[in-house]
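J.: Both chains are sitting in their own frames, so use the hints and assemble them into the complex.
So you can see what is in the structure, the chains are spelled out below.
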Amino acid sequence: MTADLSLLELLTATPLFAVGLTLVAYLLGNRLFQRLKRPSWLPAILIAALLLAGALALIGLPYPIYQQGAIWLTVLLGPATVALGMPLYQQLPRIVELWRPLAICLPIAATLAAFYALAIAWLLGSSDTILASIAAKSVTAPIAIGITEQLGGKVALLMGALLITGVITIPCVSIAARLLHIDDERLIGFALGLNGHAIGTVRAFEISPAAGAFASLGMSLTGIFTAILLPLAWRLLGMSSGYA
Amino acid sequence: MPALSGFLWLISYWLIGEVVIYFTGLPVSSGVIGMLLLCATLALYGRVPSSIAAAAQPLIALLAMLIMPGVVGVFFIIGELAGQWTAILIALVAGTLLSVVTTLWLLKRLIGQSYDR
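Chains as they are written, first to last, in my numbering: chain Z, 1 to 244; chain A, 245 to 361.
Looking at chain A on its own, in the form it has when it is part of the complex (with noise of 0.2 Å):
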């Protein structure tokens, strides 16, 4: 049971950064945190076992059906916010445009002037 023994792993990483939240009061999530610990643990190891990518792929592959139930949540709240949908709609779509923009714009400045030099 590769798979399983991976799922322990990414659990147990989880866990720690619960852990490591409780003790240091930090405003991050645990799988967060998790995430680069299991990065920095498999740099120091040098590889991916097997069992850690067999439990990681279908998960990550699974990512977007894991937010879905939180995210159909704001069918339901519809009704209450009647009348403030448009603002929220204008600024939701016209604030993620310019900063994709803006991102894109600075990588590729910040990129350019460092393959110059």
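So that you can see chain Z by itself, here it is in the shape it has in the complex (with noise of 0.2 Å):
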């Protein structure tokens, strides 16, 4: 038992282990989804995302030790973020040309992305926490992380309202054109991005680059609109239920 501990430490010891765990993951993952003729219920980051947690519990490494190696993977996503600029470059005509409806639905599908669930969860009687946790669901994750400490949320909460988020929103999102009759990918893809962040971005590139454009847009709009809502909110709500 005790070697076993040891071997476990001895490769743990560098980021490697957990870097090499989630590249595992992640390329089966996307095996078993193209095995699967990807559906649209289950994407391959959820697969992914549920073996390598089947992993980690099965050889018993720490959440806290497997994360502080996957850094070296996490901090990548500050450049992938900068990267997005490239699509939007590249799409700018195109968005230009839909400033004027893109700029009149931001604030308001924003608002309401965050409202729709906050208003559920608190008539489904959840505490201050878990809304604080929850309130960020559909803002691109190095945002949404800043958004949730300053409101005094779980930061662990709300990766998996993430999660939970992104994945739903594309089944909605097909479901959603289909009652609307929308086959324009701009809208799907801006739609995609604004409730989906980054998990909707991704599949919104699949879908196609200009997709994947309005979706990087929806995504950093959303994110920018969003930080500046929900801590003025949070400090309006604080003052109503103080007075009460």
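Everything labelled a hint here was simulated from the structure, so no lab data went into it. Fair warning: there could be bad hints in the mix.
To be verified - Pulled a few chain Z residues facing chain A out of the computed Cβ check, cut under 7 Å:
id, residue
1, 61
2, 74
3, 86
4, 103
5, 105
6, 113
7, 141
8, 159
9, 161
10, 172
11, 191
12, 224
Unchecked claim - A few chain Z residues that don't get close to chain A, going by computed Cβ distances all over 10 Å:
id, residue
13, 9
14, 14
15, 31
16, 32
17, 34
18, 35
19, 36
20, 40
21, 42
22, 128
23, 207
24, 208
25, 210
26, 220
27, 238
As the list claims (entries may be wrong) - Cβ-Cβ distance ranges computed for the label pairs, FRET-style:
id, chain 1, residue 1, chain 2, residue 2, range
28, A, 293, Z, 237, 26 to 34 Å
29, A, 322, Z, 108, 52 to 60 Å
30, A, 270, Z, 54, 34 to 42 Å
31, A, 259, Z, 232, 27 to 35 Å
32, A, 293, Z, 16, 27 to 35 Å
33, A, 259, Z, 92, 22 to 30 Å
34, A, 291, Z, 235, 40 to 48 Å
35, A, 248, Z, 122, 17 to 25 Å
36, A, 338, Z, 54, 26 to 34 Å
37, Z, 125, A, 285, 48 to 56 Å
38, Z, 7, A, 270, 44 to 52 Å
We put the beta carbon where it would ideally sit given N, CA and C, even for glycine.
T.: Written as structure tokens, this is what we have:
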């Protein structure tokens, strides 16, 4: 037993074990996704996350130790977000064409993206901490983490809310687009990015580069808008509950 | 090494984002500021240099993998929030469905209007 423990300690002494584990889960998740004929209700990232969580539980690697090693990957999220400026530039003419409807839609839709979930959770009796943790559910991870810390929520729960929201956005968009008879890739992409942040944006790039660029736009604008809106709204709500 | 110099550009824009946040106190992540600055620079330059394309394309393709380590954290707090999950799940799923429908309906109406004019 002690020999096993020290082997795990030896392997996790460098970040390579955590990085390798993540790569294996990601590649296997993608392989399984292709094998299952790309189901829209089970995106590759969900399969991969389940595999990874299962592997961590199986080998008994505590999550904080894994997370420390995986920083080698998560740190790339910064430059990867910057990289989205490229498709954004390439689709700039098509975005400028639609700037007015997008500018009107964004503040309303981004507010409602947070409001609907908060209202339902509040009606179902969720605690303040839970509300603070899921408020940024439609915001891309690097911004959402900052918002959640500011509101006093739990980052781990936020990440879960991000996963669930991103994954569920994909079938929701295809159902809603069919109901509303929308086949414009630009609108579908914008809705994917606005509601489903990075996971929705990845899906939009699978549809077409134009959809991906509109998703990047929706994702970044929602992030910026929500980062300003939620802390303000929280302060107002906090004041009113203080009076009550 | 075009991809390497492109990667250096991406890192530099991210770092510039950090500097901007430090001086302005904007509640936004440096990635988003870097993205907008990169887009603005490319618009001024008029085309995408092959070095930036070589670094940006593979990174964008890996976006889903990069958020995986954070996302997995939720499986380790499932026990902590026992009894609360039904409410959280209903709120997230129903809330997202409602907001997706609103977004698309709104866009369709707004764009339909601008075509009519």
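J.: Mind listing which of the numbered hints don't hold for this structure, in increasing order?
T.: Hints 1, 4, 26, 28, 29, 35 contradicted; others consistent.
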